[in-house]
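*Asks:* Here is what each chain is made of, one letter per residue.
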Amino acid sequence: MKYQEEFRNSGAVQRLLTEIRETVTRPWSLMEVCGGQTHSILRNGLDQLLPEQIRLIHGPGCPVCVTPLVAIDRALAIAARPGVIFCSFGDMLRVPGSDKDLFRIKSEGGDVRIVYSPLDAVKIARENPEREVVFFAIGFETTAPANAMAIEVARRQGIRNFSALVSHVLVPPAIEAILSSPKTRVNAFLAAGHVCSVMGTWEYPPLAEKYKVPIVVTGFEPYDLLVGILGCVRQLERGEYRVENAYARAVNEKGNIPAQELLSRVFTTVDRAWRGIGVIPNSGWKLSEAYQDFDAERRFDVGGIVASESPLCHSGEVLQGLLKPNQCPAFGKQCTPRTPLGATMVSNEGACSAYYNYGRLIAAEELLCAAK
Amino acid sequence: MRSEVAVEPVAFDPEQWTCPLPLRDYPRIVMGHGGGGSLSAELIDNIFVPAFRNEELEGMADSTVLTLPAGRIAFSTDAYVVHPLFFPGGSIGELAVHGTCNDLSMSGAKPLYLSASFILEEGLEMKTLAAIVERMAKAAREAGVRIVTGDTKVVERGHADGCYITTAGIGILMAEPAPAPMRAQVGDVVLVSGTLGDHGMTVMSLREGLSFETVLESDSAALHPLVEAMLAASDKVHVLRDPTRGGLATSLNEIAQSSKLGIRLEETALPVRPAVASACEILGMDPMYVANEGKLVAIVGREDADRVLQVMRAHPLGRDAARIGEVVAEHRGTLVARTRFGATRILPLQIGEQLPRIC
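As they're listed, the protein sequences go chains H and Z.
Sequential numbering from 1289 applies to the first sequence in this note's numbering.
Sequential numbering from 325 applies to the second sequence in this note's numbering.
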């Protein structure tokens, strides 16, 4: 696979690891913002190969993890209605709402379908004019343009039985929320490359300047991630705090202008509750006034549904890097990948589920050592 | 009929039938075909018996009486549901034969006899059923097994996905002791007979209407000829598994858990076709968890591993066989993979099916 294999080259990765080892002199905590980066780090075991002074904190960038409970409860209420076809990305189906998930709704007779592109949902609406088709539009700036495009296409084609349940979230306000917390332990950020391919890098210099943290725009392959980490460590060791682009093959300063124009037309900024974290000002997108006809929340009158998270779940502190998953009292007891209280235990790259699986390995090795 | 994939022409030709009150009046399955009356009989006489033809089946009794060779037998059953019914490299018909044959041969048995039960959906096109049955018959002939008893039921339209098939099989053990998870030992070597994930990604890409530049093809195949060669080459083939649903990682997790040993894989040694790897990248899937229908994983005593691997590679069903890992005393009950960079990651048992990831 061109543009992939060369960024997984073992020699290049080992050279970068050596360079990082030679550069670091003190402990630093870096946060990778995006769930895709966390996935790649865990899948390749990069965290185990880094010098021990470097701690990676898995940030709030898994769109499945941070979608607020109330949005999921509203989705469940809509999906359970007769006549509705509810379309979602696959990994949302297992995320628990207050008392069930979309798989349960499906088993109880709801017509819940996995789509790979929001435009598939528009197509389903076109083919089923007698049914109401609802798309669960979640995710960061990365998925937002395609979702906005689906809504725009439905508007242009006059597809009235299509609507979207929108719960988008935005990266820069989340970074700011983490940095402004007096308890924060994050020294530098690996910004999410795909988000920046849409939005550009122009949003980040004010943050780097205000909080005096290095922010390095980073890709997803092992080589990309280590270049990003090296960039952060270099700046930290020198006492610098700049925005650096370590993913120049996909990202430039301005970003994708037509996509940004579409986004600003279809969506409008709103305060958004993040699962486990709470409300972050101006951190989400909802449908703008001109697109209200496509708002599923309004069409199905589910705006009144409220939800409160399990008091046992500390996923918010985990997502902010304040707590290690195994320090949570519910970890491995009330909360396991089979019975997740929070979404960080649901998604494979969620910090809690990763700890749960690796914890088993560590526990097994410790037992063995004790036996010897 | 639900399948959007072109059905290949088959020997069955409704126009050539000689029956005076023929089935050809019904181009599709109707409820009566499962009613036990003359419509059921016509279905049996015109579709099943001619395709499966053998003396045991033609006895037409409520059960078939068989004489088995001396020795221990293996017995297994499996239900087959797949959408679409036809896909590149196979159909539900081949799966129903190969799958049960493979369950038998993973105990070191040579499959001899199969039963086949069909649940048909009202409205299924007769020519689709005929094509499935033809393919089953061909697969059985090639595998050297006989389909000697069966049953058909029809359910109302909307109550099934065209056609469901259940097969059960009997086989005779080719070697003693039979391969079993409990026989795995620390130091054993893990071998796989070929590329991973071909079947699962073929079906998924069809189902989701994804098209790739390279055509993916299911690997559906009956594996007992390969197993026979392996067992003849070594008495240290300790465990055999066909990694179907849940893929290689699921099968090896089950072996690790039941043998209470650890298994460590070398990620760089895992054979995956580039087209399958690309499809997995696009959908956010891990080929280690994707279904295979014509592959086996073997746990073999270290001293015989090279010999068994050679025998596998010399066989058409094991051309791409590879040595992928070993059984270890650490992290008992757990499957891990060493990544290409030398780190270790756990491959946990998945809770349900793998879901395509949003990002």
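Because the hints were derived from the structure by calculation, they are not lab data.
A couple of the hints might just be wrong.
Think about it this way: if two alpha-carbon atoms lie no more than 25 Å apart in a straight line, the pair counts; the simulated SDA-like pairs of lysine to any residue are [to be verified]:
1) H:1411 <-> Z:531
2) H:1394 <-> Z:531
3) H:1394 <-> Z:404
4) H:1394 <-> H:1417
5) H:1394 <-> Z:673
6) H:1394 <-> Z:484
7) H:1471 <-> H:1590
Some, not all, of what chain Z presents toward chain H, calculated at C-beta under 10 Å [what the hints assert, rightly or not]:
8) 365
9) 387
10) 490
11) 591
12) 605
13) 674
For glycine and all other residues, C-beta sits at the position ideal for the given N, C-alpha and C.
*Asks:* For every hint, state whether the structure bears it out.
*Replies:* We went through each hint and held it up to the structure:
Simply put, residue 1411 (chain H) and residue 531 (chain Z) have alpha-carbon atoms about 16 Å apart, close enough for the 25 Å limit, and the pair holds. For the hint linking residue 1394 (chain H) to residue 531 (chain Z), the alpha-carbon distance of about 19 Å falls within 25 Å, and the restraint holds. A distance of roughly 22 Å separates the Cα atoms of residue 1394 (chain H) and residue 404 (chain Z); the hinted pair therefore holds under the 25 Å criterion. Of the supplied pair hints, the one linking residue 1394 (chain H) and residue 1417 (chain H) holds, its CA atoms being roughly 21 Å apart against a limit of 25 Å.
Of the pairs offered as hints, the one joining residue 1394 (chain H) and residue 673 (chain Z) holds, with about 23 Å between alpha carbons and a cut-off of 25 Å not exceeded. Among the hinted pairs, residue 1394 (chain H) with residue 484 (chain Z) is consistent with the structure: their alpha-carbon atoms are about 17 Å apart, no more than 25 Å. For the hint pairing residue 1471 (chain H) with residue 1590 (chain H), the CA-to-CA distance comes to about 36 Å; that exceeds 25 Å, so the pair is violated. Taking 10 Å as the C-beta cut-off, the interface hint given for residue 365 (chain Z) is violated, the closest approach to chain H being about 37 Å.
Restraint check, residue 387 (chain Z) versus chain H: the minimum CB separation of about 37 Å is more than 10 Å; hint violated. The interface hint given for residue 490 (chain Z) is broken, as the beta carbon of that residue sits about 22 Å from the closest beta carbon of chain H, more than 10 Å. Here the hint on residue 591 (chain Z) is kept, as its CB sits about 9 Å from the closest CB of chain H, short of 10 Å. Hint status for residue 605 (chain Z): holds, given a least beta-carbon distance of 7 Å to chain H, under 10 Å.
Hint on residue 674 (chain Z) holds. Least Cβ distance to chain H is approximately 9 Å, under the 10 Å limit.
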